[in-house]
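*Asks:* Below, each chain spelled out in residue letters.
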Amino acid sequence: MSTKIIQHDINLEPFMSKSPDFNRKSILMQTERSFKSEIINIITLTALEKLFHIRISDHFERENFSFLPGQFVMLHLPGCGEVPISISSSVSNKEYIELCIRKVGKVTGMIHRLEPGAIVGIRGPFGTHFPVQKMTGCDVLLIAGGLGIAPLRSPIYWINEHRSKYRDISIMYGARDPDQVLFDYQFEEWKKIYGLKLLTIVQNAGKNWKGRVGLITDLFKEITIDPENTFAIVCGPPVMFKFVCAHLSDVGIPRHRMFVSLERRMHCGMGKCCRCNVGSTFTCLDGPIFDYWTVMNLKEAI
Amino acid sequence: MEENEVIGPKSRDRDIEGNKIYRFLKLNSFDELEMDYTRSYLSPKNYFLPFKEDLVTYSLQDKGWEQEINYTIHPRVIVGMRACDINALLKLDQVMLKSAYPNPYYFARRKNTLIIGLDHEPLEDCFCKSMNSDTAFHGFGMFLTDIGDKYFAAINSDTAFIILNRFDAEEITDEDRLLFKAEKKKIELKFKTQVNITILPELMDLEFESEVWKKWGDKCLSCGTCAMVCPTCYCYGMEEDIDLSITKAVKRRFLYSCNLLDFAAVAGGHNFRPDAGVRLKYRYYHQFRGFMEAFDQSLCVGCNRCGNACLAGINPKAVIDDLIETETK
Numbered sequence: 001m002s003t004k005i006i007q008h009d010i011n012l013e014p015f016m017s018k019s020p021d022f023n024r025k026s027i028l029m030q031t032e033r034s035f036k037s038e039i040i041n042i043i044t045l046t047a048l049e050k051l052f053h054i055r056i057s058d059h060f061e062r063e064n065f066s067f068l069p070g071q072f073v074m075l076h077l078p079g080c081g082e083v084p085i086s087i088s089s090s091v092s093n094k095e096y097i098e099l100c101i102r103k104v105g106k107v108t109g110m111i112h113r114l115e116p117g118a119i120v121g122i123r124g125p126f127g128t129h130f131p132v133q134k135m136t137g138c139d140v141l142l143i144a145g146g147l148g149i150a151p152l153r154s155p156i157y158w159i160n161e162h163r164s165k166y167r168d169i170s171i172m173y174g175a176r177d178p179d180q181v182l183f184d185y186q187f188e189e190w191k192k193i194y195g196l197k198l199l200t201i202v203q204n205a206g207k208n209w210k211g212r213v214g215l216i217t218d219l220f221k222e223i224t225i226d227p228e229n230t231f232a233i234v235c236g237p238p239v240m241f242k243f244v245c246a247h248l249s250d251v252g253i254p255r256h257r258m259f260v261s262l263e264r265r266m267h268c269g270m271g272k273c274c275r276c277n278v279g280s281t282f283t284c285l286d287g288p289i290f291d292y293w294t295v296m297n298l299k300e301a302i
Numbered sequence: 303m304e305e306n307e308v309i310g311p312k313s314r315d316r317d318i319e320g321n322k323i324y325r326f327l328k329l330n331s332f333d334e335l336e337m338d339y340t341r342s343y344l345s346p347k348n349y350f351l352p353f354k355e356d357l358v359t360y361s362l363q364d365k366g367w368e369q370e371i372n373y374t375i376h377p378r379v380i381v382g383m384r385a386c387d388i389n390a391l392l393k394l395d396q397v398m399l400k401s402a403y404p405n406p407y408y409f410a411r412r413k414n415t416l417i418i419g420l421d422h423e424p425l426e427d428c429f430c431k432s433m434n435s436d437t438a439f440h441g442f443g444m445f446l447t448d449i450g451d452k453y454f455a456a457i458n459s460d461t462a463f464i465i466l467n468r469f470d471a472e473e474i475t476d477e478d479r480l481l482f483k484a485e486k487k488k489i490e491l492k493f494k495t496q497v498n499i500t501i502l503p504e505l506m507d508l509e510f511e512s513e514v515w516k517k518w519g520d521k522c523l524s525c526g527t528c529a530m531v532c533p534t535c536y537c538y539g540m541e542e543d544i545d546l547s548i549t550k551a552v553k554r555r556f557l558y559s560c561n562l563l564d565f566a567a568v569a570g571g572h573n574f575r576p577d578a579g580v581r582l583k584y585r586y587y588h589q590f591r592g593f594m595e596a597f598d599q600s601l602c603v604g605c606n607r608c609g610n611a612c613l614a615g616i617n618p619k620a621v622i623d624d625l626i627e628t629e630t631k
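Chains as they are written, first to last, in the working numbering: chain A, 1 to 302; chain B, 303 to 631.
With the rest of the complex left out, here is chain A:
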């Protein structure tokens, strides 16, 4: 009698032959396979930031790709590396996604050298999202600092597309220098959205800056907050959201109604590599969007 162990071919498992669907987290699938995508447009925002329009090449994969505001993708450049980037476009745009990328490391430096037509890989979407459905019937404060405006564009689009579900909307955006203000070409458009207040401020005003000068927290003087019916979305450097959330907390907004986005250098996006470990949890699975109560109770989060 033979004792050769029969091979278990996992390629025969139900979802292993299909293109991966990263929204179905519990299914065994080809998690390493990325969607081949084309960079269809590049918009230069500042000296360091560019906005990439990326279109998943395969028709089926493109149709199947769906995300919620706040989620991120792993952008892969074969032979170079993979980086986690927040999606910066509207969930209803089924043609392409927009990724705002700052040139800061090796991979992002290489991505900045690409031209339209280049083929990259996309895996995702991963992570948690801003609970935009829960915010129905309430005021929403969207507060961004610097590059933090990039992940905020997605909820801004969402609110615009579901405008009747929300009450007053305030967007507060602070940057260090006027030439670091991102998406200023969209400000006029956003201001025209019904019941939306857009406030911008810079720390160091140059010659041409005609707007407000100061810290983002100075903008709170200009708005009134109804603490019982307000949700806040805060995105930016940790030191910024520490002060902003402290202020919002003083006003009376419960901490579990403030949402922040944390950033770490993830290597997998799937809770396996541990590189994005904060305190007792992982940024890729339980984050990147956390409510502030959770963040306060996580060690070394900010």
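Be aware that one or more of the hints could be misleading.
Derived lysine to any residue pairs resembling SDA-like cross-links, with alpha carbons at most 25 angstroms apart [unchecked claim]:
id, chain 1, residue 1, chain 2, residue 2
1, A, K25, A, P131
2, A, K50, B, F454
3, B, K322, B, T340
4, A, K4, B, T359
5, B, K452, B, L491
6, A, K4, B, F454
7, A, K36, B, T359
8, A, K36, B, N372
9, B, K312, B, V381
10, A, K106, B, D545
11, B, K413, B, N372
12, B, K354, A, G81
These stretches of chain A come out as covered by chain B in the derived footprint (C-beta under 8 angstroms, 3 or more residues) [as the list claims (entries may be wrong)]:
id, segment
13, 20-29
14, 75-89
15, 261-271
16, 275-283
Here chain A is said to cover these stretches of chain B; the calculated rule only asks that three of the stretch's residues, wherever they fall, bring their Cβ under 8 angstroms from a Cβ of chain A [as the list claims (entries may be wrong)]:
id, segment
17, 365-377
18, 561-568
19, 581-594
Quick caveat, the hints were computed from the structure, so don't treat them as lab data.
Ideal Cβ positions, reconstructed from N, Cα and C, are used throughout, including at glycine.
We have chain A already, so just place chain B on it with the hints.
*Replies:* Chain B in isolation, oriented as in the chain A frame:
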């Protein structure tokens, strides 16, 4: 043996005191198998999570690229795994198979490996009993307990049963049953090292700013050896290799350690954990607190391989005892 790839403990070298150093290696014949081995220096986890593993190969073209992924794994048998190592695999299963995004590579290896476990008398520094991983009830195909001139075999899979039938296996007798019980009792009584972990998850939070971390952190060389020998550490990093002709690229996963300097470094130069003490703390924090929160068990199985391998003489029992002591002072 001739039909399947068999992996088992073999002595590879001797340490400074002349004790044998064992490793799990491919066996060419059963004569090489050393069933009386003490502890393998490296854990057998590397047959499930290799140190380096090619995930995807890319062929690069003028414009664009193609990806190729191969999940095929050939069956193999691992003989002589200890209960703690089997429990370590069960813990890895929680992360790799039972939580979000099951890992196909791990799944393939797990499905295609027959594990034959082996009981042993605990060593001086084993504290697996404290970690509740001194016995294994599942996660193996066959588990052997030495009862004198025979082995008592617990069977847990059909594959193992088929293999067992090839040998002259006998039904167990009442006498065997008694011998088995006596052997288990003997093993249980031999545990010398105890680690108190009941209050550890809370202690990790209470003693977060403790001087203990600095004290041990100052000793730590940040070499990452502990994670390499650990049967449950699964952190990894990614690297990409591109060949000189720029026609082929490989995306590769390599096991990493949270004690290495750049573990939590991000682009732009910021490092969330610049101090060795902080990194060491997070290693313990993940093992005894983070994993506990996620899966209701600690990640550590108590094999003390890390304590044994550490070049700076840091061992988990000493660190935990130190923590408990500062608490009760």
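*Asks:* Work down the list of hints and note, for each, if the structure agrees.
*Replies:* Tested hints:
1. K25/A with P131/A: holds, 19 angstroms
2. K50/A with F454/B: Given pair K50/A, F454/B is violated - Cα atoms ~67 angstroms apart, limit 25 angstroms.
3. K322/B with T340/B: Since the Cα atoms of K322/B and T340/B sit roughly 9 angstroms apart, the hinted pair holds (cutoff 25 angstroms).
4. K4/A with T359/B: This hinted pair is violated, its Cα atoms lying about 30 angstroms apart.
5. K452/B with L491/B: The hint holds at about 22 angstroms.
6. K4/A with F454/B: The given pair, whose Cα atoms are some 23 angstroms apart, holds under the 25 angstroms limit.
7. K36/A with T359/B: holds, 14 angstroms
8. K36/A with N372/B: The hint holds at about 18 angstroms.
9. K312/B with V381/B: holds, 11 angstroms
10. K106/A with D545/B: Between K106/A and D545/B the Cα gap is close to 18 angstroms, so the pair holds against 25 angstroms.
11. K413/B with N372/B: holds, 15 angstroms
12. K354/B with G81/A: Given that 25 angstroms is the threshold and the Cα spacing comes to 16 angstroms, the pair holds.
13. 20-29: holds (count 6)
14. 75-89: Holds: 7 residues of the segment 75-89 of chain A have a Cβ under 8 angstroms from chain B.
15. 261-271: Coverage by chain B holds here, the residue count being 7 at a Cβ distance below 8 angstroms.
16. 275-283: Check passed, 5 qualifying residues.
17. 365-377: Coverage by chain A holds here, the residue count being 10 at a Cβ distance below 8 angstroms.
18. 561-568: holds (count 4)
19. 581-594: That given contact holds, which follows from 5 residues of the segment 581-594 of chain B lying within Cβ reach (below 8 angstroms) of chain A.
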